[in-house]
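J.: Listed below are the residues making up each chain.
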Amino acid sequence: MAEPALHRKEDRRLLTGRGRYLADLVRPGTAHVALLRSPLAHARIRAIDVAAAAAHPGVLAVVTQADLEGHVQRLHHHLPMLPGLRQLHWPLLADGKVRFAGEPVVAVVATSRAVAEDAADLVRLDLEPLPPLTSIDEALADGAPLVYDDWTDNVLLRLEVAHGDAASAIDGGTHPVLRRRIVHHRVTGAPLEGHGALADHDPGTGRLTLHASSQSPHFLRTVVAEALGMPESRLRVVAPDIGGAFGNKGHYLREEILIAALARRLDRPVVWSQDRIEGMTAGIHSRQQVHDIEIAHRPDGRIVAMRAHLRADLGSAELYALGMAPAFATAGTLPSVYDIQDYAFVVEGVVTNKAPSGGYRGYGQPQAVLSMERIVDLLADQLGLDPMFVRRANLIPDGVRPYVTAGGSRLDVGPLSEQLDELLAAGGYDELRKRQAAERAAGRLVGIGVGQMVETTAANPHALAGQFGGYEMATVTVHPDGHVSAMVGTTSHGQGHETVYAKLVADTLTVSPDVVDVREGDTDAVAYGAGTWGSRSAVMGGGALLLAAERVRAKMIAFAADMLHQPAEAVTLSDGALRAGDVVLPLSMVANLATLHAFAAPSVEPGLSASAVFEPGNTQAFPDEQGKLNMAATHSSGAGLALVEVDAATGRVRVREATILHDCGRIIDRIIVEGQIQGGFAQGLGAVLLEAVEYGPDGAPLVRTLQDYPMPTTREVPVVRVLHQETPSELPGGFRGMGESAAILAPAMIANAVHDALRPLGVPIAQSDLRPPAVRDLLRAGGVGLDLDALAQGALAELPDGRT
Amino acid sequence: MTAPRAVQLTVNGRPVEVVLEPRELLVDTLRDRLGLTGAHVGCGHGSCGACAVLVDGVGARACLVLTVQLEGAQVTTVEGVLPAGSGPDGGDDLHPVQVALSRCHGLQCGFCTPGVVLTAAELLAEQPCPDERTVRERLAGQLCRCTGYAGMVEAVLAVAAETAGSDRERAGDG
Chain W
1276 MAEPALHRKE
1286 DRRLLTGRGR
1296 YLADLVRPGT
1306 AHVALLRSPL
1316 AHARIRAIDV
1326 AAAAAHPGVL
1336 AVVTQADLEG
1346 HVQRLHHHLP
1356 MLPGLRQLHW
1366 PLLADGKVRF
1376 AGEPVVAVVA
1386 TSRAVAEDAA
1396 DLVRLDLEPL
1406 PPLTSIDEAL
1416 ADGAPLVYDD
1426 WTDNVLLRLE
1436 VAHGDAASAI
1446 DGGTHPVLRR
1456 RIVHHRVTGA
1466 PLEGHGALAD
1476 HDPGTGRLTL
1486 HASSQSPHFL
1496 RTVVAEALGM
1506 PESRLRVVAP
1516 DIGGAFGNKG
1526 HYLREEILIA
1536 ALARRLDRPV
1546 VWSQDRIEGM
1556 TAGIHSRQQV
1566 HDIEIAHRPD
1576 GRIVAMRAHL
1586 RADLGSAELY
1596 ALGMAPAFAT
1606 AGTLPSVYDI
1616 QDYAFVVEGV
1626 VTNKAPSGGY
1636 RGYGQPQAVL
1646 SMERIVDLLA
1656 DQLGLDPMFV
1666 RRANLIPDGV
1676 RPYVTAGGSR
1686 LDVGPLSEQL
1696 DELLAAGGYD
1706 ELRKRQAAER
1716 AAGRLVGIGV
1726 GQMVETTAAN
1736 PHALAGQFGG
1746 YEMATVTVHP
1756 DGHVSAMVGT
1766 TSHGQGHETV
1776 YAKLVADTLT
1786 VSPDVVDVRE
1796 GDTDAVAYGA
1806 GTWGSRSAVM
1816 GGGALLLAAE
1826 RVRAKMIAFA
1836 ADMLHQPAEA
1846 VTLSDGALRA
1856 GDVVLPLSMV
1866 ANLATLHAFA
1876 APSVEPGLSA
1886 SAVFEPGNTQ
1896 AFPDEQGKLN
1906 MAATHSSGAG
1916 LALVEVDAAT
1926 GRVRVREATI
1936 LHDCGRIIDR
1946 IIVEGQIQGG
1956 FAQGLGAVLL
1966 EAVEYGPDGA
1976 PLVRTLQDYP
1986 MPTTREVPVV
1996 RVLHQETPSE
2006 LPGGFRGMGE
2016 SAAILAPAMI
2026 ANAVHDALRP
2036 LGVPIAQSDL
2046 RPPAVRDLLR
2056 AGGVGLDLDA
2066 LAQGALAELP
2076 DGRT
Chain U
4 MTAPRAVQLT
14 VNGRPVEVVL
24 EPRELLVDTL
34 RDRLGLTGAH
44 VGCGHGSCGA
54 CAVLVDGVGA
64 RACLVLTVQL
74 EGAQVTTVEG
84 VLPAGSGPDG
94 GDDLHPVQVA
104 LSRCHGLQCG
114 FCTPGVVLTA
124 AELLAEQPCP
134 DERTVRERLA
144 GQLCRCTGYA
154 GMVEAVLAVA
164 AETAGSDRER
174 AGDG
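Taken in sequence, the protein lines are chains W and U.
Going by our numbering, the first sequence opens with residue 1276, and the numbers climb by one from there.
Going by our numbering, the second sequence opens with residue 4, and the numbers climb by one from there.
Some hints could be false.
Reference listing, derived: stretches of chain U covered by chain W, where coverage requires no fewer than 3 residues with Cβ under 8 Å from a Cβ of chain W [as the list claims (entries may be wrong)]: (1) 30-43; (2) 50-58; (3) 74-84; (4) 106-119; (5) 142-155.
Don't read these hints as lab results, they were simulated from the structure.
Even glycine gets a Cβ: it sits at the ideal position worked out from N, Cα and C.
Using the sequences and the hints, build the whole thing.
T.: Right, dumping it as structure tokens:
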């Protein structure tokens, strides 16, 4: 029978329950690990008594940091080049002190997870509580307790950078200055599949295979090899199917290294699957920052200079790659789509007694875009000008590209004001304003918000996140039967790489994507690779595959030319066959002869396999003498328009309509691109309207399950209207990254729309937390003389689609 | 711990006897004993729906059910959403919802997908032509962190529209 036409190559297995995620790889005989984690946010460890746990039936080992000393090196950030960064070295399991509730202290290895958890309950942990720090203010207060006894304060790094001369414009008294604090709250990516690791050590060969739900298996291999003191050549790291990652799985967890160490120690497979409580309390959080922004401007709304003081609430700093790195991205990209060349910032990473914060889709950029879009709107309000007018007055001018930002980013995007025009036309902005006026007159709190962004994609973050750069490797092989293997150093966690990469390689070799099998996420497949993060895979993985496929194509042509005694110029490849004049050689025949060595071409080495390294060569990882650097190989751009309604009685914000116009250069697969935008928008919506990771004053995590952390469901997320521009980049294929764009745009679009909805009340939005309680507080603040009951009835009377 | 007990149930049409501790959850029995790893543990407390299965034809969260509760029950997992060999030509076919989810890009990482397939299949078995509101209500218990639900909802509505179309065709023929 005919195969039903599925859109993606990966879909059949995922739809039928035959995906292979980490926990699906467990075989009988595998030992399971449960971690006893600190119940306190900050405490000194007086004693750990593991005797009862060790004696529990089914327990194979009970391990503390004392057992690991001498066998496993401590972790560190690998950033000696960052001036002022406190050089931390931290253990896999807490020793001396615990610094957040959830920090792993004891590992129990047993025949099953249930037995391991039973035994972990028997460990006696004697802790001396210390005062917890749960906020930036507490951590920076005079006389604050120190998270690290040998530090002088709780600041991991303070970095001060000035581009141009913002100070004289802001302090010189010649320009009006707008000053605003914008507060970003703590959220988490919360992929549906928790993190996990499964290690298997072969004592015969000394080889260790680590399966990990990791975005960057090669990077993880380097980290694990160093920590375990074993050669990288004997270590294989494989990322199987991954149930969502979103940056949270782009860090190298203590647990991953611990599992590898335990497998080597016990000489049997060992697995750990992060459960939801571990994920929420000891996984990766993100985004908590406070921005103090000052802009000097002209009376006509043109911004002259900006100065920003950014503080990031890092929680635990014991995270590699550096959990502060997204805050650098925030600081570096804060001017966003606006032409501000005099820009100075201070960024501080503040350590608190909470779980570590790190990467989450957008990697610091959602905060930058939300703050900047708020600032421009607030400036418009202050000047009594139309926000669109102030936006246009400050947009990076269309024309010369690349536009070099204050910080040195070389923006290669299309014209931003034209993008805005097209968005407003397509989104029916003028019509929406009319509808809004009518609805406002009827007492409803309806708002329209616009957001724009440029996204840093395909970055080289070597100097900021921790030793790893951003090139990519690929190998393409045409087998003797004409089937093709495409191997590359990225990983897929929903992005459909098997489908898009197969298409790229197939197009180059003029074969069907059906005969191209893609393999990624395996350190044995390609020599090195950077993985998937920072919207890099189409650009970098795709670029490397295009180069490798092109080399294979050239080899095939050389072979065919040799076989036919023709010059290479006379041979072409089309429709899966090599052609010279009337002679047609099927590609599989050439592959067969070339690989099985039936035919030796003197000028071409046997086999139809080629590897390629793609390094765009246009990034600059280290700052130049003016402090400028260019992280991204290319940028995408986007603009979005949201229509929201605020329920005055409950503070609930409903996104009624959203339109996003996006430019990611040449599109490989429109359906997949649109899926990334729909999904990114949903995450951005959740981050402002629904989600928050909160702690009690004692440092106890208040969010432990998904009952405490309402992620968006079918009830809250509208279908985004998605429109495209395709301005090709100058890189191979013309691609630009795009996976994070909508997650970057959505919070700003929505926050601007909520601000607009509340504009009649005169309550400005200067925060990312727009959950109902926060919005109710804002309504109260602006609610003098407001008849909440009447408003509520008005708002609830007629919802367009009947949903509530 | 309590002494192991024997439980007999039917999984995807196949009679199964398992001997297990009373505390064992259905999701662990399916995954660890029967090798049916399509049911995924996303949250462990019934919030996300990645472990959704059908028990006697009705949706259930396999992470909230003890296997010992299921003596004599019929359990359907994603691996058995179509009875084996029931596709055209007796092949390994896909349920219409599975095909539609792919075509409408209603899945990305796929971790939530088995639960979505079963929940949608259950809904369509009950109501072949649900409206969008009904679809959104029924899928509201299936968390997906990737798709934003657009393709997922579209997929279920596409199957419903196809059913409605073929019903009309049949009516026209009659």
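J.: Examine the region 142-155 of chain U for residues whose CB is less than 8 Å from any CB of chain W, and state whether their number is three or more.
T.: holds (count 14)
J.: Per the coverage rule (Cβ-Cβ under 8 Å, at least three residues), is the region 30-43 of chain U covered by chain W?
T.: holds (count 7)
J.: Using C-beta distances, would you say chain W covers the region 50-58 of chain U, given that this needs three or more residues below 8 Å?
T.: Per the Cβ count (3), the hint holds.
J.: Quick check: the region 74-84 of chain U, covered by chain W? Criterion 3+ residues, Cβ under 8 Å.
T.: Contact hint for the region 74-84 of chain U vs chain W: holds, 3 residues under 8 Å.
J.: Are 3 or more residues of the region 106-119 of chain U near chain W, judged by a Cβ distance of less than 8 Å?
T.: Result for this restraint: holds, n = 10.
The structure agrees with every numbered hint stated previously.
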